[in-house]
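Visitor: Each chain, written out:
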Amino acid sequence: MPIRSSHIPLALVSSPSRDHLSDTELARALIAGAGWAYEETWNRFAPTVFNMAVSALGSPSEAEDIVQEVFCRLARKAKTLRKPECLRSFIVSFAIRVLKWDSRRRRLQSWLTFLPAESLTDVVGFSLDVESRDMLQRFYALLSRLDARERIVYALRHIESMTIEETAEAMDLSVSTVKRLQERATERLAKWLESDFELTSLLRRKRGCHEA
Amino acid sequence: MDESRASSPLDELTHLAREARCQVPALTPAELDSHWSLVSTQIALQKSRRRSRVRLAMVGAVATAVVAAWGIPKIGRLPERASTQAALTYNIEGGTVVEGGYLRESGAEAIKLRFSEGTKLVLTPGTRARLRTVNSTGARIAIEHGTTSFQVTPRTEAKWQVDVGPFLVTVKGTVFTVSWDAVKEHFDLKLQRGEVSVTGPISTGEISVKTGQRLVVNLPKKETVITEEDGEGEPGWAGAPVPGTAIPTESPIQDRPTPTASRPSNRNSGMASERRTLGAKSFTGQGWVEAVAAGQWDRVLADVDRAGVKQTLSHASSEELLALADAARYRRRTGLARSALLAERHRFAGSPSALDAAFLLGRLEESRPGERQGQMVEAVRWYDAYLAGAPSGPYASEALGRKMMATKQLRGAPEANSLAREYLRRFPTGSYAGAARALLHYP
Numbered sequence: 001m002p003i004r005s006s007h008i009p010l011a012l013v014s015s016p017s018r019d020h021l022s023d024t025e026l027a028r029a030l031i032a033g034a035g036w037a038y039e040e041t042w043n044r045f046a047p048t049v050f051n052m053a054v055s056a057l058g059s060p061s062e063a064e065d066i067v068q069e070v071f072c073r074l075a076r077k078a079k080t081l082r083k084p085e086c087l088r089s090f091i092v093s094f095a096i097r098v099l100k101w102d103s104r105r106r107r108l109q110s111w112l113t114f115l116p117a118e119s120l121t122d123v124v125g126f127s128l129d130v131e132s133r134d135m136l137q138r139f140y141a142l143l144s145r146l147d148a149r150e151r152i153v154y155a156l157r158h159i160e161s162m163t164i165e166e167t168a169e170a171m172d173l174s175v176s177t178v179k180r181l182q183e184r185a186t187e188r189l190a191k192w193l194e195s196d197f198e199l200t201s202l203l204r205r206k207r208g209c210h211e212a
Numbered sequence: 001m002d003e004s005r006a007s008s009p010l011d012e013l014t015h016l017a018r019e020a021r022c023q024v025p026a027l028t029p030a031e032l033d034s035h036w037s038l039v040s041t042q043i044a045l046q047k048s049r050r051r052s053r054v055r056l057a058m059v060g061a062v063a064t065a066v067v068a069a070w071g072i073p074k075i076g077r078l079p080e081r082a083s084t085q086a087a088l089t090y091n092i093e094g095g096t097v098v099e100g101g102y103l104r105e106s107g108a109e110a111i112k113l114r115f116s117e118g119t120k121l122v123l124t125p126g127t128r129a130r131l132r133t134v135n136s137t138g139a140r141i142a143i144e145h146g147t148t149s150f151q152v153t154p155r156t157e158a159k160w161q162v163d164v165g166p167f168l169v170t171v172k173g174t175v176f177t178v179s180w181d182a183v184k185e186h187f188d189l190k191l192q193r194g195e196v197s198v199t200g201p202i203s204t205g206e207i208s209v210k211t212g213q214r215l216v217v218n219l220p221k222k223e224t225v226i227t228e229e230d231g232e233g234e235p236g237w238a239g240a241p242v243p244g245t246a247i248p249t250e251s252p253i254q255d256r257p258t259p260t261a262s263r264p265s266n267r268n269s270g271m272a273s274e275r276r277t278l279g280a281k282s283f284t285g286q287g288w289v290e291a292v293a294a295g296q297w298d299r300v301l302a303d304v305d306r307a308g309v310k311q312t313l314s315h316a317s318s319e320e321l322l323a324l325a326d327a328a329r330y331r332r333r334t335g336l337a338r339s340a341l342l343a344e345r346h347r348f349a350g351s352p353s354a355l356d357a358a359f360l361l362g363r364l365e366e367s368r369p370g371e372r373q374g375q376m377v378e379a380v381r382w383y384d385a386y387l388a389g390a391p392s393g394p395y396a397s398e399a400l401g402r403k404m405m406a407t408k409q410l411r412g413a414p415e416a417n418s419l420a421r422e423y424l425r426r427f428p429t430g431s432y433a434g435a436a437r438a439l440l441h442y443p
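In order, the protein sequence lines correspond to chains A and B. Note that the numbering used here has the first sequence beginning at 1, numbered continuously upward. Note that the numbering used here has the second sequence beginning at 1, numbered continuously upward.
Treat the hints with care, as some may be off.
[Stated by the list, open to error] Interface residues of chain A toward chain B, partial, derived using beta-carbon atoms under 7 Å:
#1 TRP42
#2 PRO47
#3 GLN68
#4 PHE71
#5 VAL130
#6 HIS158
#7 LEU189
#8 TRP192
Source of the hints: derived by calculation from the structure; they are not laboratory data. Heads up, the beta-carbon is just placed ideally off N, CA and C, and yes, glycines get one too.
Pulled out of the complex, with its shape left as it was, chain B reads as follows (with noise of 0.2 Å):
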């Protein structure tokens, strides 16, 4: 683009998308695997479909002559169909919907909004919200403050959308409550029933959510925990071992019995055979990967529970250890989850993942309990060491911000001052440069 556009509007909203499109990862080699079977099954379908062309030629024909007989009198049907079609239509009660879909309160009650097919919402007072957009599928709201629970009746083609704060929650059928305080940047979502999917500035990307389940994101902290709302009760990390280097052992991890049922039996992968010949008899991490993402962590544990600490972390693939790490820290097992990225260190040492879990292990440093002079010490010494191995990787301008915060807190903002001239240099516009910004301007 030519210098004379260089800060024009067309130019900021370039950069913007740009930035968007930078999140998107390319489509990794079991995505192309997996979207392949879907169009080849469609390419066979195409290729049955020209064989019995003939015949369905033929069968068209009869069609047209029966409809001929019998469709002229259900024309008047159509306007039905396309009723079906039309967007949803909606009742708001304690409230108003002004210009640009604002929800305005009309008094001190909550906002009531029931839309034609079911689906219920109420925002509790003082909420903020928006009415984005309403079609045939459902709507998409975005709350920009405060709490509304949703009621929403399933459909197979609901397709509803909920922006709240950086996340976006999608959901088909279910009842759950949502909250987003945007000065805390709390995020905070109960799900009664049913199951959302949840993408936002969160480590994993989507975190799937499941009935029962609570998931609270506390963005300043980067602290993301997923409880059982019937067990579990408030969210905190609780029961964290002592901050240490050393290649992980059971003694720090043993934060929860070992269950003494026999283990259930698995699918026997090729992987899984070999793992047995090499002596981990009762090991298996087979489907952690996926077990994380569809939010089953307590599976996860229970394998890791029967198979024992040590065993599990001396056999699991780099990519069981990080997925045995997300489910440990979204339960609350920090001293598990510290153990099994020390192990991704330890055991898979060079590669881009072992430098993603010393990422990993900064962030849990930072969100642990305790003496925080020292977490904070060996928080940066975390990031330093992923700075170090992955000057440009996924999580350096993550791990630059944290660690002029935390040089913030340890040293105070001077001290603090050349990482922020540091962080605008290389991440202008990354989501630490407003306090980069407001670091340089210390007095």
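Pulled out of the complex, with its shape left as it was, chain A reads as follows (with noise of 0.2 Å):
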């Protein structure tokens, strides 16, 4: 079989930036499953989940964790999505299912392992002492007995200084919900740290230290 050569000169094409995109027509090649699709979401939304999880967790690395878990379960779901305009809501559902998932999954490991849920919270602080490092842990601990939404909600308003209304748009829930949320989730958490002696004289021995 003859060869034939082309005179067509070859041209390096670099590939067409995806910046201009809307997230609706984003969330349709989603849907469609296009391949550079998931990417341009993982760059667009990552940084909200990680944010998101972080507040909620404590913790970078678990928090590394879940937006790998979360944007693995978007790519068997992304066919699911039925409104391509809400693809923001879509992710932050996604997060939250996830971070309640991770909640179980805790309390099932406390169970196998005979240790409280708290002791399996890996929390850093570069700075903070071992006492603060120790409270941080129990308030994290408290933290995960709220409900997925009451806590994402308490840790976007009071961890990540959001206002009611951005905390709204980034759960994708009215404003009034969010507030109903908050205010669970602060008299849960004032209930139940009153109960909890050990943590309340943490609390006060550093209190007293530093006004000594």
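Two chains, two frames, some hints: make the complex.
Guide: Dropping the structure here:
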């Protein structure tokens, strides 16, 4: 078979930038199964999910695991997205589901190892002393007792310092729902805290040190 | 949060969580990329799994039949498997574990802990420590004061963590001794074998320590030194040049002989070949950032020795200069560290890393031995330069705190009062807040 050589010059074409695409267009590409859409979705939404997870869990390394889990699940379920204009809330709902799953996993693990769930929380603060780390670990153990939505609302409002409107937008909830969840989370935490004598005594001791 | 809860315990804890959260940096593009490569691999695996689902279903059916035929007698093994997931057990000699995991000595002898998988711990007499948690992969121990030796049995799933004052040492399988002096805020880790990572109030965030290395951190002086145990002896600062603000030159930093060995071939990246066309034939800083993160200070310094200091300082990138400054600082080549930072200031003037270099130069001046007065004046000058350029930068709290302490040392406490007030106004919970309050109560 004779070989014909082409005289058309080859050109190196860079892949098109996807920055200009709206979230809705990106969602449509995801539903259609376009390979590039997963990476673009990752680049746009992974930092948001990471921030949510790190505030809710207190541990960057665990937050990284959550982010990876969220996007793996998203890849499996992308085709079930019915409203392309709701991509952000679709991803947030995945994140909430994964956080719920994670807290269930921790409870189960605590049953298997006969250790309280709080001992499995790996909280790291670079310049915190032992007592502060202790308190933080216990605090995150209390947070983990909240319902996942309450925990994330509390974390975004008070740890990420987001406004109610920003929290509502991030979680695709109404402002009144955010207010209700925040109020409930605060009440429950305050109540649990009152009955956690060890934690309150740690706080008193720390306060005493500062005042001295 | 409403006013009625202004000073509630919940508020205090939330504030603490916020403080800790602030220390977690956002994901960098490089981290996003590396995580994405993991996620994309998993997604690809999921897809291939889906394609072979039918085949798997058939294999599953066969496997079920096999299990039905062979597996029932083996059900008795299940508790054995579950037991491998259970927490490790331990024996204690020379003491007891009391409430809160506190390890109390029962005599004058050292407390010895032996775990069921072979790990051993020896607490020297007088050490205050707590056994915080024990699980199937390891344990978390807090050393409040004193020295403890560890011999951790290597296992793939092993996870041992040691809180040493404000530091966290993460271990897999290794032999090391770690000390914490709570009064002097002095951290000392000697690694006989293996590798550990240390996080805590160290400027680079995380340090990986390798076999034969010793990491010493003096918190009040903010001094971090890594030495090789066999040759370097006690850590300390030596061979420092006279302070000055001139653009770095070869002269103040020829603190090590230049070996004559030929330079090893480097991986030819685009960046490296570009540098060659610029005339820096023998310089490459490729991989320095990673090398410093992995504790390979000597590799970086050997590269500099081969290429020549002047060549390096005039061709290294901004990140490479900062990596070089860290490597030189950890290996006590203060002159080279200082020159790298000055080069950063000069060549990348106006960039955020040039501002960071100003802060680090201040720290370097404070740490150098020699004429204290002049060094402190110089350090304050660098802190001022940093604060002027980055009033709310990542080191602002530290720079203002150090400036306050240096001013107290130079001109006395009453002179430092206004700085203490400013510090408390801007960073009420910062690490120098206690010192600032003490200064304000100075008679």
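Visitor: What are the numbers of the hints that this structure violates, sorted from low to high?
Guide: As far as the earlier hints go, only 8 is violated by this structure.
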